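Visitor: What follows is each chain in one-letter form.
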Amino acid sequence: MLNYVFKRILAAIPVLLGVTLLVFTMLYFTEGDPARLILGDTATEEEVEALREELGLNEPFINRYISYLGGLLRGDLGIDYITGRPAKDEIMERLGTTLKLAGASIIFSILVAIPAGIISAIRQYSLIDIVTTVIALLGNSMPNFWLALMLILFFSVYLGILPASGLYGIKYYIMPVIGISAGAIAGITRMTRSSMLEVIRQDYIRMARIKGLSEFVVIVKHALKNALIPVITVIGIQFTVAVGGAVVNEQVFAIPGLGKFLVDAIKARNYQVVQGGVLVIALICSLVNLIVDLLYAFIDPRIKNQFRESAKSREKRAREEG
Amino acid sequence: MAGKKKGQVRQIWRRLKKNRLAMFGLVILVILVLTALFADFIAPYPYDLQDYSSVKQFPSKAHPFGTDNYGRDIFSRVIYGTRVSLQIGFISLAVGALIGTILGTLSGYFGGRTDTVIMRFTDILMSIPKVVLAIAVASTLGPGLVNAMIAVAISSIPNFARVARASTLTVRDQDYIEAAKAIGAGNFRIIFRHILPNILAPIIVQATLGVGISIILAASLSFLGLGVEPPTPEWGAMLSAARTFIRDEWYMVLFPGLAIMVTVLALNLLGDGLRDALDPKLKT
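So the protein sequences, as listed, match chains A and B.
For the first sequence, the positions run 1 to 322 when my numbering is used.
For the second sequence, the positions run 323 to 606 when my numbering is used.
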């Protein structure tokens with residue numbers, strides 16, 4: 001087990017480094033001279049050149065990447081060209097909002113989708129199964145920002161019971177969270193349903209029924225545990241999707257989170273902030289996926305065994321070869 | 323060989339025909355493609371015709387979906403939007419599918435270090451939300467239609483790479499590959515003549531579902547103002563422009579979104595049906 005954890009964390013390092021390289025390369029090829037953007041139009045050519053030298057912008061790619069990495073380790077994400085403040089401060093001020101939205105959406109989708117998928121599976125082809133399937137299909141086919149607009153139309157414009165913009169309390173979360181969750185709910189429901197269908201046809205479930213256990217115990221104690229294993233892996237991916245959803249929905253609901261900030265920053269050509277934000281989002285999503293993967297191994301003993309076996313066979317091969 | 327292929331296709335088609343939802347999706351899709359091709363004949367007005375005497379008109383006989391704040395006919399714009407959205411969806415997906423499939427096949431076929439490098443690369447792309455990746459691309463290349471398509475294409479690479487890799491792994495060790503190797507076929511020939519045709523089925527399914535995802539992603543980018551520029555009748559851009567008028571002119575935000583939903587729904591129904599038809603074992 002510890003071996004697996006160690007190996008999985010080790011595998012995450014090149015991915016994280018890769019993300020920094022990708023973002024840095026984008027930054028490197030972005031049009032516009034950062035020194036010029038910092039100093040503004042009034043600065044002379046000499047002043048710009050002096051700042052370029054000072055910032056190390058005249059160094060070759062590899063040197064700049066290394067110093068960029070060094071900066072990252074110190075928490076330096078560049079400069080906001082507009083306010084002149086460190087990009088890190090601007091990003092961190094807004095990151096919480098976006099994560100709260102994405103987190104709330106993931107929790108909401110799990111709470112809705114897993115029961116829906118289970119009921120759908122144990123009552124296959126019933127009315128409730130059909131309704132669930134149709135809703136999941138529609139949820140998968142709608143852009144989340146349009147669903148959000150439709151919610152505003154109904155709950156804010158028509159009924160007038162929910163606020164359509166900002167984020168000042170629980171009430172303000174309802175529509176953005178539904179909008180962001182729709183895709184995840186559809187995905188997790190389908191996954192739970194098919195996984196559950198597969199499990200409840202297996203012999204050990206039939207055995208449990210024959211033993212005379214109540215249907216509730218069979219489903220909750222025996223089937224659920226195995227059925228939920230594949231579901232957990234999609235939750236990590238769905239978190240990444242939810243962060244993307246939050247970025248778009250912040251625009252719909254005028255929520256001052258990182259997503260809205262990044263979109264505004266692109267339009268203002270405030271590129272260091274954009275790339276800093278992209279990097280932070282990518283790092284967080286990688287970490288969440290890493291945690292989900294570890295959790296998955298913790299829950300599913302087959303993964304542990306698989307690793308143990310492969311480690312053993314590797315040793316054997318090494319012995320044979322040596 | 324050709325005869326066998328034809329028989330397979332016919333069998334898949336027979337299975338697909340029995341799936342009513344998939345056929346429904348296919349019919350809608352055909353209608354949408356025809357709409358895109360013949361938009362000039364179907365749309366009652368040019369998409370950019372501004373008529374300031376009939377601004378923000380409620381849906382009526384003359385304007386089935388109403389008119390927008392410039393007096394443009396929303397129905398005509400939605401019709402022309404079919405052309406734009408389908409184009410973006412199909413082209414960007416085709417590019418992403420091609421690159422992803424080649425990477426995935428190489429990864430599965432060669433294994434070892436090639437596999438590790440390519441898979442880590444897809445891990446990197448997958449760790450960034452698609453919209454955020456597109457934002458990053460837009461920040462490097464600048465906003466606009468072509469750049470949005472590049473962003474959408476890049477974001478669809480990892481899915482195809484994974485599917486192609488997994489399928490390649492299942493056919494790689496089969497006898498006919500072994501036989502091809504034995505008679506001295508090169509890696510290039512084996513991959514393109516023997517592996518690719520045999521892993522096509524899951525890739526076609528992925529592509530059908532992927533076009534829908536690409537259309538939604540492109541619409542999201544336009545909605546954020548990073549995709550298609552306003553005068554072009556693209557559904558996401560139309561929604562972005564209509565958003566301000568949601569309080570009184572609900573029809574301006576309703577119809578472009580419905581168009582996206584119907585299109586993606588048709589693709590999803592067809593994709594699900596294709597998956598079942600190509601691999602009946604998977605059907606639950």
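Some clues are possibly wrong.
[Claimed, not checked] Where chain B lies over chain A, by a calculated footprint (3+ residues, C-beta under 8 Å):
1) 80-90
2) 247-256
3) 283-292
[To be verified] Stretch by stretch, here's where chain B covers chain A in the computed footprint (C-beta under 8 Å, at least three residues):
4) 19-28
5) 131-137
Please keep in mind that the hints were generated in silico from the structure rather than gathered at the bench.
Values in this document were obtained by computation on a predicted structure and should not be read as measured data.
Every residue gets a Cβ at the ideal spot worked out from N, C-alpha and C, and that includes glycine.
Visitor: Evaluate each hint against the coordinates.
Guide: Going through the hints against the structure:
Counting residues of the stretch 80-90 of chain A whose beta carbon lies closer than 8 Å to any beta carbon of chain B gives 0, which falls short of the minimum of three for the stated coverage. For the stretch 247-256 of chain A, the stated coverage by chain B holds: 4 residues have a C-beta nearer than 8 Å to a C-beta of that chain, and at least 3 were required. A count of 3 residues in the stretch 283-292 of chain A with a Cβ less than 8 Å from any Cβ of chain B is obtained; the coverage claim is therefore met, three being the minimum. Given a C-beta distance limit of less than 8 Å, the hint that chain B covers the stretch 19-28 of chain A holds, as 5 residues qualify and 3 suffice.
Under a criterion of three residues with beta carbons nearer than 8 Å to beta carbons of chain B, the stated coverage of the stretch 131-137 of chain A fails, only 1 such residues being counted.
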